[in-house]
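These protein sequence lines are chains A and B, in that order.
Numbering-wise (the working numbering), the first sequence opens with residue 1 and increments by one.
Numbering-wise (the working numbering), the second sequence opens with residue 1 and increments by one.
None of these hints come from the bench; they were simulated from the model.
Predicted model, so just to flag it, every value in this text is computed and none were measured.
Backbone N, C-alpha and C define an ideal beta-carbon position, used for all residues, glycine too.
Warning: the hint list may mix true and false statements.
What the hints assert, rightly or not - Stretch by stretch, here's where chain B covers chain A in the computed footprint (C-beta under 8 Å, at least three residues):
| no. | stretch |
| --- | --- |
| 1 | 52 to 58 |
| 2 | 66 to 74 |
Stated by the list, open to error - Below 30 Å or equal to it, Euclidean Cα-Cα: the simulated DSS-like pairs (lysine-lysine) are:
| no. | chain 1 | residue 1 | chain 2 | residue 2 |
| --- | --- | --- | --- | --- |
| 3 | A | Lys31 | A | Lys245 |
| 4 | B | Lys287 | B | Lys275 |
| 5 | A | Lys156 | B | Lys777 |
| 6 | B | Lys751 | B | Lys730 |
| 7 | B | Lys730 | B | Lys748 |
| 8 | B | Lys427 | A | Lys180 |
| 9 | B | Lys337 | B | Lys364 |
| 10 | A | Lys159 | A | Lys180 |
| 11 | A | Lys180 | A | Lys245 |
| 12 | B | Lys275 | B | Lys510 |
| 13 | B | Lys776 | A | Lys155 |
| 14 | B | Lys776 | A | Lys156 |
| 15 | B | Lys337 | B | Lys366 |
| 16 | B | Lys383 | B | Lys807 |
| 17 | B | Lys751 | A | Lys236 |
| 18 | B | Lys776 | B | Lys807 |
| 19 | B | Lys807 | B | Lys777 |
| 20 | B | Lys777 | A | Lys155 |
| 21 | B | Lys748 | B | Lys776 |
| 22 | B | Lys748 | A | Lys236 |
| 23 | B | Lys383 | B | Lys337 |
| 24 | B | Lys736 | B | Lys383 |
| 25 | B | Lys364 | B | Lys318 |
| 26 | A | Lys245 | B | Lys748 |
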Amino acid sequence: MRGDQINLQNVIARSATTVPSPQVRHGGVEKVTKLIDVSVCIGCKACQVACSEWNDLRDEVGECDGTYNNPQDLTPESFEVMRFSEYENEQGNLEWLIRKDNCMHCAEPGCLKACPAPGAIVQYANGIVDFNSEHCIGCGYCVAGCPFDIPRISKKDNKAYKCTLCSDRVFNGLEPACVKSCPTSAIMFGTKEDMLDYGAGRVENLQERGYANAGIYDPAGVGGTHVVYVLQHADKPEIYSGLPKDPHISPTVELWKGVTKPIMSALLGASVLAGFFHYMIKGPKEEPEDDPDPEKAAQAREIDRREEDRP
Amino acid sequence: MTNHWVDIRNADVVLSMGGNSAEAHPVGFRWVMQAKNQNNAILISIDPRYNRTTAVADYHAFIRTGTDIVFLGGLISYLIENNRYAQEYVREYTDASLIVREGFGFEEGLFTGYNQQDRTYDRETWNFETDEQGFARTDPTLQHPRCVFQLMRQHYSRYTPEQVENICGMNREMVLRLWDLMAQTSAPDKTMTILYALGWTQHSIGSQIIRCGAMVQLLLGNMGMPGGGVNALRGHSNIQGLTDIGLLSNLLPGYMNLPSADLQDYQAYMQTRIKQPLLEGEVSYWKYYERFFVSLMKDWYGNMATADNNWCYDWLPKLSEPIYDVLYAINDMTEGKANGAFCQGFNILAAFPDKAKVFEGLSKLKFFVIMDPLTVETGEFWKNFGEFHDVDPSQIGTEVFRLPTTCFAEDDGSITNSSRWLQWHFKSAPGPGESMTDTTIMGALMLRLKKLYQEEGGAFPDPILNLSWNYRNPAAPTAEELAQEYNGRALEDVLDQEGNVIRPKGQQLKDFSELRDDGTTACGCWIYSGAWPQEGNMMARRDNSDPYNTGNTLGWAWAWPMNRRLLYNRASARPDGTPWAPNKAFIWWNGERWVGADVPDFPLTSPPSAGVGPFIITQSGGGHFFAAEWLNEGPFPEHYEPLESPINRNPMSPTNALAMSNPIARVFERDRANFGSNEEFPYAATTYRLTEHFHYWTMHVRLNAIAQPEKFIEMSEELAEELGIAVGEKVRVSSKRGFIHAVAVVTKRMKPMQVDGRTVHHIGIPIHWGFKGVTKKAHLTNTLTPFVGDGNTQTPEFKSFLVNVEKL
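Next up, chain A with everything else stripped away, as it sits in the complex (with noise of 0.2 Å):
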């Protein structure tokens, strides 16, 4: 079940769909949030190794790129990275920001509105977004839809993948592993009220120390954000290796949701219909036997890249 929906009946919003979603287990359920307190974080990647520990992935061994960055980016198989920036500050000493890249679990979720495959991505009571990749298309249209540029699209499997906040692990009461790994507590988890409120308490000690700008990035062009940071300059997000300063969802996903989603829906199920008609006509298509299956082929171009044996 890791990675899964643990129970249906929590799900308060549904990709591509208009049933209405189940209104009866709501009664106590608390949104919770993850804290990241950058200027607790000394970036020792235990967040990132528990990551992939719990959930089961094993990326590529990669190479350096003359950075600590590694992985260099989010992958399929890398729901988290930490990002590191040198930043000189006004009086000209250094900072080495160093931020966990996850996702940020929106109050109002780019992805799950952008998504045309009903049901694959959810959000849950407790405000967790999940990616239910049993429905996913593998479209790409939460990769757009994504104000952060966080869905990844596996080529082994052509679905979307994220960070699912443990909802594995908090559905049973636990913290996620991240969380858990976290061995100076920069990362917190608790309800968004607790988590504000503590962090207020560091942004004010964080004031007392000489950063005059420290704040809590929730952004309210999502609706907020199921997690938060705590920046040591909250006027400039983006010298944390590209924190959007006022992030919203894409207007032509907004477009795409109000008016021509419903539109091409109907569209996409036309094309269906036609090549259902169309197969059950004229039968399956007769391919030359030299033409290489491409499905084959992108096989052995990735054992290629992998410098594999072939089976």
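Dock chain B against chain A, hints included.
Below, chain B alone, put in the same frame as chain A:
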């Protein structure tokens, strides 16, 4: 650590110097963050690089590698001259008032008694002036020109802020700023903790750097205080246990010494080890040395050890060299003086300097046994791994045996952490395949050796044939049996001074206060006595209650000595027995005895009025600024340049070539030609490890490999521009001893420094990646490092040497 991990949270200033605690000790670093966030502490990071610790530090200063004594010596002078030291503490709790023997002196970088021929000192004058009773003369006003305080003041008056700037390459305003911050902790209600690691240890002057840190803490009154101390963050989970149990070649368990060859006579040996008080009424705990020693010999040789045969003293090996350290052993191998070697949990080819020399040594052995859970580089030194280890197996005659061992989680036992805690752990899974525990292998080996000696005789069979070996299964001693053995037991009824039985025959001892020198007790490691008393295994305790809210959890595991968590804790109270400050209250005199949050490091019922000094292990009862004859380079730490220095003189002693580098550093004849000059190799290099990896082990683990897959080196943007190297390009780094290839991490976190009239660039070289494991294959970093060690411990100088860098 004099203090312990959790205690860091009590600090007001955390000085991270000679270590990168966030990088190498991320889990323990939580206590630093608690000090910052809950005790509003200031974190200062001083390092050649802006590193992961610096990322969360309040202040940071770049320092040229190997120059820490200059910064600390300057601080000592600053504290004294500006009257910013803890006066009462220094007067009452240190050796400041002791008068040093006439004739002691220091000139042009050398102390009195230097013998240039054998690079040693005659330490005759390095001692205190004594009266007729043998007690040291003192001047409590600290004015006598030969009292320790005045000598120290004079010695460090040469360490000016100008010299610090000139030698360390640190901006003078920053130097003074940092000194001011540290000086604030001389107040009774403020403490500074020093966290150091191999960045202090791995220099040719490593021991003296650490001592200099200890002197600063004494001056500030931070020793014995919660949130204070000098705290070594050990690099392996059980390396504290290694030295405790006496695995260094010149030690016996519990920091007793193996005798040198000139001490063939037992009484002569005892005279050198038993330390009588230097001041009247002081404890001087080493005066009990014979109790510890006799009990050890009774443990090893049982009934064979008697007073008549001096407890089998003749069976102990006697050292013909001061120390048979690893460098020495490797050198012997290269000279064909060693036939075989056992390597237990030690990847020596990767972990020791000058890989080419280590390889040569291993190649000249007849047999070599590697005991390790992994297939490490050392076990396959004879194999060709292409460009990364290009050797010809047909030219190597060494027969290699691999004995796979279990990992820590596949065995019971105790691990001693940096806090001196012995924490018991339980086997959680059986080892894979044919692996065996180390003790099973050692047990079987012992029995076979014994059998061979029985059947075939030999040059000196007695110590083997008579060794006590009373385990239920002699081929596999258990962790419980060994632990009970190091705790010690009563061989006869143990009596107190009145003749009452305090420990009946056959019982486990309560602690080392029950040890006797008459052969009635046996104890395998006196400082561990108390870990497994009659009540059972103290190390397995897991009660974390903290009744005084000091972070001192006396019911959690067990700490040596005596379950004491904070060494010298008597010094946390004023001479009158009250705490220095309410927020630093730790132990105090309640009118009848010493009580508080810890096991007092003091005679429990000795009243403050008796005036016994708080450092009961030293001869004077005080903390020692003056090391007397205990260290090889001299009684006061003095700066010497690394054996390979980026500058051409020692600015502290510019006119004396003998004082350029450590005058007593041991350099083997054949290695003399293997040191490079700064003309050929212009950059100061330093090596270190990264959070993502543990030495060469985690190269074998996929997730660690993903997190840091490929060998890199770090350099400043300025140097990269000068050499035309872009971020991520491949470079070749070479020293006089060889070269490696790596990716260039070009960073703002390193800066060129102005040192003694020239620009010095640093090259940072992580130690990880080799030709085994699942990371990208690489040359071993220790191809580059020099074959020289610290003047006292022979710990290799991994942190300061010279390299050149070229774009590939």
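Quick rundown of the hints versus the structure:
1. Figure legend: the stretch 52 to 58 of chain A, annotated as covered by chain B; annotation consistent (3 residues with Cβ-Cβ distances under 8 Å, at least 3 required).
2. Counting residues of the stretch 66 to 74 of chain A whose beta carbon lies closer than 8 Å to any beta carbon of chain B gives 5, which reaches the threshold of three, so the coverage claim holds.
3. In summary, the hint linking A:Lys31 to A:Lys245 is supported, as the alpha carbons are separated by about 24 Å, within the 30 Å threshold.
4. Restraint check: the Cα-Cα separation between B:Lys287 and B:Lys275 comes to about 5 Å, which is no more than 30 Å; the hinted pair holds.
5. Only pairs whose Cα atoms come within 30 Å are accepted, and A:Lys156 paired with B:Lys777 is accepted, the gap being roughly 27 Å.
6. Between B:Lys751 and B:Lys730, the direct Cα distance comes to roughly 20 Å. Compliance with the 30 Å bound is thereby established for this hinted pair.
7. In summary, the hint linking B:Lys730 to B:Lys748 is supported, as the alpha carbons are separated by about 19 Å, within the 30 Å threshold.
8. Pair hint B:Lys427 plus A:Lys180 holds up; C-alpha atoms about 23 Å apart against a cutoff of 30 Å.
9. Using a Cα cut-off of 30 Å, the hinted pair B:Lys337 and B:Lys364 holds, with the two alpha carbons roughly 9 Å apart.
10. Distance restraint check for A:Lys159 and A:Lys180: the Cα-Cα separation of roughly 28 Å lies within the 30 Å cut-off, and the hinted pair is therefore satisfied.
11. Under the criterion of a C-alpha separation no larger than 30 Å, the hint pairing A:Lys180 with A:Lys245 is consistent with the structure, at around 29 Å.
12. Distance check on the hinted pair: B:Lys275 and B:Lys510 sit about 24 Å apart at the alpha-carbon level, within 30 Å; holds.
13. For the hint pairing B:Lys776 with A:Lys155, the CA-to-CA distance comes to about 24 Å; that is within 30 Å, so the pair holds.
14. As the CA atoms of B:Lys776 and A:Lys156 are separated by approximately 24 Å, the hinted pair is consistent with the 30 Å bound.
15. Distance check on the hinted pair: B:Lys337 and B:Lys366 sit about 11 Å apart at the alpha-carbon level, within 30 Å; holds.
16. Proposed proximity of B:Lys383 and B:Lys807 is supported: the alpha carbons are some 29 Å apart, at most 30 Å.
17. Our distance criterion of 30 Å between C-alpha atoms is met by B:Lys751 and A:Lys236, whose separation comes to about 26 Å.
18. This hinted pair checks out: B:Lys776 and B:Lys807 have alpha carbons roughly 20 Å apart, not beyond 30 Å.
19. Simply put, B:Lys807 and B:Lys777 have alpha-carbon atoms about 19 Å apart, close enough for the 30 Å limit, and the pair holds.
20. Simply put, B:Lys777 and A:Lys155 have alpha-carbon atoms about 27 Å apart, close enough for the 30 Å limit, and the pair holds.
21. Straight-line distance between C-alpha atoms of B:Lys748 and B:Lys776 comes to about 26 Å, which keeps the hinted pair within the 30 Å bound.
22. Distance restraint check for B:Lys748 and A:Lys236: the Cα-Cα separation of roughly 20 Å lies within the 30 Å cut-off, and the hinted pair is therefore satisfied.
23. The straight-line distance between the Cα atoms of B:Lys383 and B:Lys337 is roughly 23 Å, inside the 30 Å bound, and the hint therefore holds.
24. Of the supplied pair hints, the one linking B:Lys736 and B:Lys383 holds, its CA atoms being roughly 24 Å apart against a limit of 30 Å.
25. Under the criterion of a C-alpha separation no larger than 30 Å, the hint pairing B:Lys364 with B:Lys318 is consistent with the structure, at around 26 Å.
26. Of the supplied pair hints, the one linking A:Lys245 and B:Lys748 holds, its CA atoms being roughly 25 Å apart against a limit of 30 Å.
Of the numbered hints stated above, none is contradicted by the structure.
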